[in-house]
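Starting from two chains that each stand alone, build the complex the way the hints lay out.
As given, the protein sequences belong to chains A and B, one line each in that order.
The end of the first sequence is residue 80 by this note's numbering, with every number in the run present.
The end of the second sequence is residue 138 by this note's numbering, with every number in the run present.
Some chain A residues judged to face chain B by a derived CB distance under 8 Å, without partners named: (1) Ser10; (2) Gly56; (3) Val57; (4) Phe74; (5) Pro75; (6) Pro76; (7) Val77; (8) Ser78; (9) Gly79; (10) Gly80.
One side of the interface only, derived from the structure: several residues of chain A facing chain B at Cβ under 8 Å: (11) Phe8; (12) Ala9; (13) Ala53; (14) Ala72.
Listed next, with one range per pair, are the computed distances between beta-carbon atoms: (15) B:Arg136 / A:Val57: 20 to 26 Å; (16) B:Glu129 / A:Pro25: 33 to 39 Å; (17) B:Glu84 / A:Pro25: 45 to 51 Å; (18) B:Arg107 / A:Thr18: 33 to 39 Å; (19) A:Thr18 / B:Glu115: 20 to 26 Å; (20) A:Gly32 / B:Leu30: 39 to 45 Å; (21) B:Glu7 / A:Val57: 22 to 28 Å.
Rather than coming from a laboratory, the hints here were simulated on the basis of the structure.
Note that beta-carbon positions come from the ideal geometry of N, C-alpha and C, so glycine has one too.
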Amino acid sequence: MRVRVKYFASFRDMTEKTEESLEVPEGITVEGLREHIKGLYVKMARREQVLVAVNGVFVPLETVVREGADVAFFPPVSGG
Amino acid sequence: MIRVQREDVDIDAVLEAVKSMKSGCVVSFLGTVRDVSEGRGVQRMSIEVYEEMAVKQLSIIRDEALELFGVHEVAVVHRYGNLEVGDNIVYIGVSAGHREEAFQACRYVIDELKERVPLWKKEYTADEEVWVEGDRRE
Numbered sequence: 001m002r003v004r005v006k007y008f009a010s011f012r013d014m015t016e017k018t019e020e021s022l023e024v025p026e027g028i029t030v031e032g033l034r035e036h037i038k039g040l041y042v043k044m045a046r047r048e049q050v051l052v053a054v055n056g057v058f059v060p061l062e063t064v065v066r067e068g069a070d071v072a073f074f075p076p077v078s079g080g
Numbered sequence: 001m002i003r004v005q006r007e008d009v010d011i012d013a014v015l016e017a018v019k020s021m022k023s024g025c026v027v028s029f030l031g032t033v034r035d036v037s038e039g040r041g042v043q044r045m046s047i048e049v050y051e052e053m054a055v056k057q058l059s060i061i062r063d064e065a066l067e068l069f070g071v072h073e074v075a076v077v078h079r080y081g082n083l084e085v086g087d088n089i090v091y092i093g094v095s096a097g098h099r100e101e102a103f104q105a106c107r108y109v110i111d112e113l114k115e116r117v118p119l120w121k122k123e124y125t126a127d128e129e130v131w132v133e134g135d136r137r138e
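Next comes chain B alone, as it looks inside the complex (with noise of 0.2 Å):
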């Protein structure tokens, strides 16, 4: 399962998608938008994609993630439009025979969404509206 999406995520139904009877756990990983970003209150937040590259990106990262680490299921959902303090933003689950393994692959999609899907954040404090790029804010 691989979704960008305005609407909020159905956890239960990623958990549902990815768990399977050969399966020992699942390892999930879900981001929330924060009150607060470099020191600076954060009131809501909106996320912009491009759409069909974003989706193409996140199917690539799945299958390196089931090839290096031998998982058996990754989904992935996130989500894109206007959303406030606590909402989420995105949610990953992986299955795997073993724990060592689920971690492993969960910590490299989210390291890799954040390095290659094109998604960005746009952060609106009290006064301004900033443009989070990468590790910066524009």
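Only chain A is shown next, with the shape it has when bound in the complex (with noise of 0.2 Å):
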């Protein structure tokens, strides 16, 4: 199945895109998701804190993304 995955901040920078569509097996949870792009780019792999939404909600790690789910990859937030 397909997911949409988007990288913001120095993720983006790292993966040099700001989307991709990967394609993943069915099944796979948000961790394991997130094993496979480290495995992708290996510079988001040294990080200590790769964070992810699914469909821009944080889920618990062992959720099973779902065909079509949009999922972002950020390091952890700056704002305010």
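Right, dumping it as structure tokens:
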């Protein structure tokens, strides 16, 4: 199945992408997808904190990612 | 009022939006661009946002503040894009019956915003650009 993956801030710099469509196995969890992405981008793998949101919401790492989901990866936030 | 925008904050409009006849006070917080960060001179800043999520997160934090502290209204306006030293970054307004809960709620909103709203600052010094990530500079 395909999911849409978005990258923000320094992760956008590391991947040189704002978003991409990825083919991943059915039933993959948020944590599984995060590991998959770390495998694709070695600079992200080195980062201690890789935050993930699915469809604009923080979800538990064991959540199963559905086909067509929007999954965002980003570093710790720094607004305010 | 929850907004994420490039334009400067209309502070009077935010205050008008939160004030009400039953409220005895409005407490507000204004965050601005500093000219120094971790001992290095900052010349300007840019802020990136995941806009759709930021608006959702701010709405959740606003609802939590209303519920937790029993305040009357909470408004948050956060800017993104290119900012100069001294520019406004974020403005929070909280109205309540009394100051105690208004101060607590305002503090809660800015503290939670800094933890879980997807916005990222980039600071520009004389010789480099640095992403600010949580408490770190990358």
